[in-house]
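If you want the building blocks of each chain, they are given just below.
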Amino acid sequence: MKTLLWGALPYIAVVLLVAGTVWRFRYDKFGWTTRSSQVYESKLLNVASPMFHYGILFVLVGHLMGLFVPESWTDGIGLDEHTYHLLSLYGGTAAGALAVLGILMLLVRRRTNAPVFRATTANDKVMYVFLLAAIVLGMWAKLANSTVSAGYDYRQTIAPWVRSLFTLQPDIDRMAGVPVLYQIHALVGLALIALVPFTRLIHMFSAPVQYLFRPYVVYRSRAEGQLGPRPDRRGWEESKL
Amino acid sequence: MRPMAQVAMVMNLDKCIGCHTCSVTCKQAWTNRSGMEYVWFNNVETRPGQGYPRRYEDQEKWRGGWELNKRGALKLKNGGRIKSLLTIFSNPKLPEIKDYYEPWTYDYKNLTDAPLGDDYPVAEPRSLIDGKPMKVEWSSNWDDNLGGATEYGDLDPMVEKVRRQAQQAAEKVKFAFEQTFMFYLPRICEHCLNPSCVSSCPSGAMYKRAEDGIVLVDQDGCRGWRKCVTGCPYKKVYFNHATGKAEKCTFCYPRVEVGLPTVCSETCVGRLRYLGVILYDADKVTRAASTKDEQALYEAQLGVFLDPEDPEVRRAAERAGIPYDWVEAARRSPVHALVSKYKVALPLHPEYRTMPMIWYIPPLSPVVDALTETGHNGEDADNLFGAIDTLRIPLEYLAEIFTAGDVAPVRSSLTKLAAMRAHMRAINLGERPDPSVAESVGMDGPQIEEMYRLLAIAKYEDRYVIPTAAVGDARRLEESAVPDTCSLDHVDGTGPTGDGPFGQDSGQKRLPLVTIENFHAARRRQTSDEEPDDVREQQ
Numbered sequence: 001m002k003t004l005l006w007g008a009l010p011y012i013a014v015v016l017l018v019a020g021t022v023w024r025f026r027y028d029k030f031g032w033t034t035r036s037s038q039v040y041e042s043k044l045l046n047v048a049s050p051m052f053h054y055g056i057l058f059v060l061v062g063h064l065m066g067l068f069v070p071e072s073w074t075d076g077i078g079l080d081e082h083t084y085h086l087l088s089l090y091g092g093t094a095a096g097a098l099a100v101l102g103i104l105m106l107l108v109r110r111r112t113n114a115p116v117f118r119a120t121t122a123n124d125k126v127m128y129v130f131l132l133a134a135i136v137l138g139m140w141a142k143l144a145n146s147t148v149s150a151g152y153d154y155r156q157t158i159a160p161w162v163r164s165l166f167t168l169q170p171d172i173d174r175m176a177g178v179p180v181l182y183q184i185h186a187l188v189g190l191a192l193i194a195l196v197p198f199t200r201l202i203h204m205f206s207a208p209v210q211y212l213f214r215p216y217v218v219y220r221s222r223a224e225g226q227l228g229p230r231p232d233r234r235g236w237e238e239s240k241l
Numbered sequence: 001m002r003p004m005a006q007v008a009m010v011m012n013l014d015k016c017i018g019c020h021t022c023s024v025t026c027k028q029a030w031t032n033r034s035g036m037e038y039v040w041f042n043n044v045e046t047r048p049g050q051g052y053p054r055r056y057e058d059q060e061k062w063r064g065g066w067e068l069n070k071r072g073a074l075k076l077k078n079g080g081r082i083k084s085l086l087t088i089f090s091n092p093k094l095p096e097i098k099d100y101y102e103p104w105t106y107d108y109k110n111l112t113d114a115p116l117g118d119d120y121p122v123a124e125p126r127s128l129i130d131g132k133p134m135k136v137e138w139s140s141n142w143d144d145n146l147g148g149a150t151e152y153g154d155l156d157p158m159v160e161k162v163r164r165q166a167q168q169a170a171e172k173v174k175f176a177f178e179q180t181f182m183f184y185l186p187r188i189c190e191h192c193l194n195p196s197c198v199s200s201c202p203s204g205a206m207y208k209r210a211e212d213g214i215v216l217v218d219q220d221g222c223r224g225w226r227k228c229v230t231g232c233p234y235k236k237v238y239f240n241h242a243t244g245k246a247e248k249c250t251f252c253y254p255r256v257e258v259g260l261p262t263v264c265s266e267t268c269v270g271r272l273r274y275l276g277v278i279l280y281d282a283d284k285v286t287r288a289a290s291t292k293d294e295q296a297l298y299e300a301q302l303g304v305f306l307d308p309e310d311p312e313v314r315r316a317a318e319r320a321g322i323p324y325d326w327v328e329a330a331r332r333s334p335v336h337a338l339v340s341k342y343k344v345a346l347p348l349h350p351e352y353r354t355m356p357m358i359w360y361i362p363p364l365s366p367v368v369d370a371l372t373e374t375g376h377n378g379e380d381a382d383n384l385f386g387a388i389d390t391l392r393i394p395l396e397y398l399a400e401i402f403t404a405g406d407v408a409p410v411r412s413s414l415t416k417l418a419a420m421r422a423h424m425r426a427i428n429l430g431e432r433p434d435p436s437v438a439e440s441v442g443m444d445g446p447q448i449e450e451m452y453r454l455l456a457i458a459k460y461e462d463r464y465v466i467p468t469a470a471v472g473d474a475r476r477l478e479e480s481a482v483p484d485t486c487s488l489d490h491v492d493g494t495g496p497t498g499d500g501p502f503g504q505d506s507g508q509k510r511l512p513l514v515t516i517e518n519f520h521a522a523r524r525r526q527t528s529d530e531e532p533d534d535v536r537e538q539q
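Each protein sequence line maps, in turn, to chains A and B.
Counting in full-length UniProt numbering, the first sequence runs from 1 upward without gaps.
Counting in full-length UniProt numbering, the second sequence runs from 1 upward without gaps.
Derived from the structure by calculation, the hints contain no laboratory data.
Watch out, some of these pointers could steer you wrong.
What the hints assert, rightly or not - Each pair of labels, with its calculated beta carbon distance range:
hint, chain 1, residue 1, chain 2, residue 2, range
1, B, 459, A, 28, 47 to 53 Å
2, B, 68, A, 220, 42 to 48 Å
3, B, 28, A, 118, 46 to 52 Å
4, B, 452, A, 209, 33 to 39 Å
5, A, 173, B, 33, 25 to 31 Å
6, B, 137, A, 121, 27 to 33 Å
7, B, 219, A, 207, 50 to 56 Å
8, B, 160, A, 118, 33 to 39 Å
9, B, 28, A, 236, 50 to 56 Å
10, B, 376, A, 118, 56 to 62 Å
Unchecked claim - On the chain A side, residues computed to face chain B include the following (Cβ under 7 Å):
hint, residue
11, 26
12, 27
13, 43
14, 68
15, 69
16, 120
17, 147
18, 163
19, 164
20, 167
21, 212
22, 218
23, 222
As the list claims (entries may be wrong) - Covered stretches of chain B (chain A as the covering partner; in silico rule of three or more C-beta atoms under 8 Å from a C-beta of chain A):
hint, segment
24, 114–121
25, 316–330
Note that the Cβ used here is the ideal one computed from N, Cα and C, for glycine as well.
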């Protein structure tokens, strides 16, 4: 069971993420969009959406820091565990609170605004369950296992496990003593990662950074073969003999 | 010089009767789909009026188009690239559907399914957005024919501007029924030379086609950031709320590519739309759009256009890869004639600095009507010239729409139209036209008659001069049934005997080789009363 949860599931999630994204890119570029509901309702969205997105971006940065910066490195620059704990407690809670508040407002808006609710698909609802669960569980795990003086040091257990995944030698035993809330949070997080390519969350991969570097006006020529008869289907080309 | 070709349109507002046929046919062709119910790629507004979406011309609110920054360089009015990315999680300046109008249908089923009762069943309006019963309160042309103008007319942003500048509140543009002038303004995407929608698109999914200047949205590239909707000052990019992608007028490119006019032009009852090629210098666009004085933008844009009669321009166009018959089409282009030669057509809101390419001939009719109503001869040149100036209201209002408030170009255009009426009136009455009338507007008799032919006779082939997309490809397109091989060959290659492996009609036959030209020639031959020349010569 432990092997399945901490040795196999992460890889399944990543494979689903990568393969799903490639599949989506090849077969569903037309469906690759934010599916914004702003034209229905703008006032609440203008507050809640930036709140949630900036919150979740800071949360992401926090996760990257916590999981991928080894404790020895922060020790090396003179940042002891207590200081780091305070940083992660206050910074993380602030970012998390922003994200939670944002997503709660968005959910209320989605449920109470009739046009927005009507445009909500089953896919969206499943996604919201996992997204909300992941965020709330993460906050809960952190706060339930922390006091101002000390907190659960996941950088001794969870972080090395995550890093060991990348060397293809998962250190399953590290996850043995982890508080159960952290464990559930990690599992829901993995599910969320697997869900990304199959839901509207896919829009996170089209962050338009290239906009900063391109000329304003884009010119394009008509695609080759766009005019005239369609090319023969593969396998049905005319013989040249 | 870097010449590029652009298919452009001119609309003669004098002839628009506001029948909305263009809107309806466009809707049927392009936007009668779910998610696009509220969208009109082509709409006809009554002016003065709020337009569609409501008050879209108020750029202080909607932040569309360009402005100059402190250094005098162009900058998107809604903010630069970094601001655009920072505000990507919501678009604070996005119009909601209710700013356009909430689309609806009727509950027709109730007419047949209602239980027996004392009252006749009715088909209630139901919102297409949330499916609930709704009160119909606004639509794309709710203020058609000045409906409600006494109450809502003041909300027209251009009326506000005229009043502000004249500083004579309520005096200048009156909405008392008998004193109000009005005209119709059909609008499509402007397919600008300096499109702010394309420039606002973070994904780079919007583009201007290099061959013909048509601005399109790549539906596979659009990610639904909605920045283009804000970027376009004409609010002619729409958000499809079913697919989550931006859509806009395509200038009917599948039709234009094969030499057919757009649907709105083809079906225009008043035959007021002109389509043609304009050559312009792509190197000059940015500088022209950065012209400091807003009122000089019209002249600046004229300076960007190239004269296809100039041999230098023709050589440069050839070097730039513009096909020969596009240059020829540019020479015959009615758009070029109305815009650059006669200078009667004006751009819509040049002050947005997008260099729009749908131009308008301002309407003289409100002036003529006003004259006729007061018992004067509405077609007499002196009366008309005088009236154009005394009826300040239309002139200043038109100037706000077409020339950023500069009355001179509007006046010049209207006097040319007035001179044309006077000149042609004399001819129709068998009098000698007074040459001083033509001279007074800087034209001569033959020129005026030429313009009259284009504006009043307006033959189909004069109005639409559209070169097809693939001249180089033309032969292959015409004979597309058999691209490379002998027409008599079957797929199984039994050669020119004509029979398949199992006799006649066996095997897979190809379509007979008929070029389009031959088809038309054959039809002409078969349906004409006289023997064509070439047949007679052969006999």
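Hint check:
Under the hint 47 to 53 Å, the C-beta atoms of residue 459 (chain B) and residue 28 (chain A), about 48 Å apart, fit the expected range. Between residue 68 (chain B) and residue 220 (chain A) the beta carbon distance is about 28 Å. The supplied range of 42 to 48 Å is therefore violated. The hinted window of 46 to 52 Å between residue 28 (chain B) and residue 118 (chain A) is violated, with their beta carbons roughly 26 Å apart. Checked against the given bound of 33 to 39 Å, the beta carbons of residue 452 (chain B) and residue 209 (chain A), roughly 56 Å apart, lie outside it.
Restraint check, residue 173 (chain A) to residue 33 (chain B): a C-beta distance of roughly 57 Å breaks the suggested window 25 to 31 Å. A hinted range of 27 to 33 Å holds for the C-beta pair residue 137 (chain B) and residue 121 (chain A), which are about 30 Å apart. Here the CB-CB span from residue 219 (chain B) to residue 207 (chain A) is close to 20 Å, at odds with the stated 50 to 56 Å. Judged by the Cβ atoms, the range 33 to 39 Å given for residue 160 (chain B) and residue 118 (chain A) holds: they are separated by roughly 37 Å.
Take residue 28 (chain B) and residue 236 (chain A): their Cβ atoms lie about 35 Å apart, and the range 50 to 56 Å is violated. At roughly 59 Å, the beta-carbon separation of residue 376 (chain B) and residue 118 (chain A) lies within the given 56 to 62 Å, and the hint holds. About 11 Å separates the beta-carbon of residue 26 (chain A) from the nearest beta-carbon of chain B, more than 7 Å, and the hint is not met. Interface restraint check: residue 27 (chain A) against chain B, minimum CB-CB distance 11 Å, threshold 7 Å, status violated.
Because the beta carbon of residue 43 (chain A) sits about 9 Å from the nearest beta carbon in chain B, more than 7 Å, this interface hint is broken. Restraint check, residue 68 (chain A) versus chain B: the minimum CB separation of about 25 Å is more than 7 Å; hint violated. A hinted interface residue such as residue 69 (chain A) counts as satisfied when its beta carbon comes closer than 7 Å to some beta carbon of chain B; here the least separation is about 26 Å, so the hint is violated. The beta carbon of residue 120 (chain A) comes no nearer than 12 Å to any beta carbon in chain B, farther than 7 Å, and the hint placing it at the interface is violated.
Checking residue 147 (chain A) against chain B by beta carbon gives a least distance of about 34 Å; that is not within 7 Å, so the hint is violated. A distance limit of 7 Å between C-beta atoms decides the matter here; for residue 163 (chain A) the minimum to chain B is near 31 Å, and the interface restraint is violated. The criterion of a C-beta within 7 Å of any C-beta in chain B is not met by residue 164 (chain A), whose closest approach is roughly 35 Å, and the hint is violated. About 35 Å separates the beta-carbon of residue 167 (chain A) from the nearest beta-carbon of chain B, more than 7 Å, and the hint is not met.
Look at residue 212 (chain A): its Cβ gets to within about 5 Å of chain B, closer than 7 Å, so that hint holds up. Because the smallest distance between the Cβ of residue 218 (chain A) and any Cβ of chain B comes to about 4 Å, under 7 Å, the interface hint for this residue holds. Restraint check, residue 222 (chain A) versus chain B: the minimum CB separation of about 6 Å is within 7 Å; hint holds. Here the segment 114–121 of chain B counts 0 residues with a CB under 8 Å from a CB of chain A, which misses the bar of 3, and the coverage is violated.
Under the rule that three or more residues need a Cβ within less than 8 Å of chain A, the assignment of the segment 316–330 of chain B is violated, with 0 such residues.
Checked against the numbered hints above, the structure breaks hints 2, 3, 4, 5, 7, 9, 11, 12, 13, 14, 15, 16, 17, 18, 19, 20, 24 and 25 and satisfies the rest.
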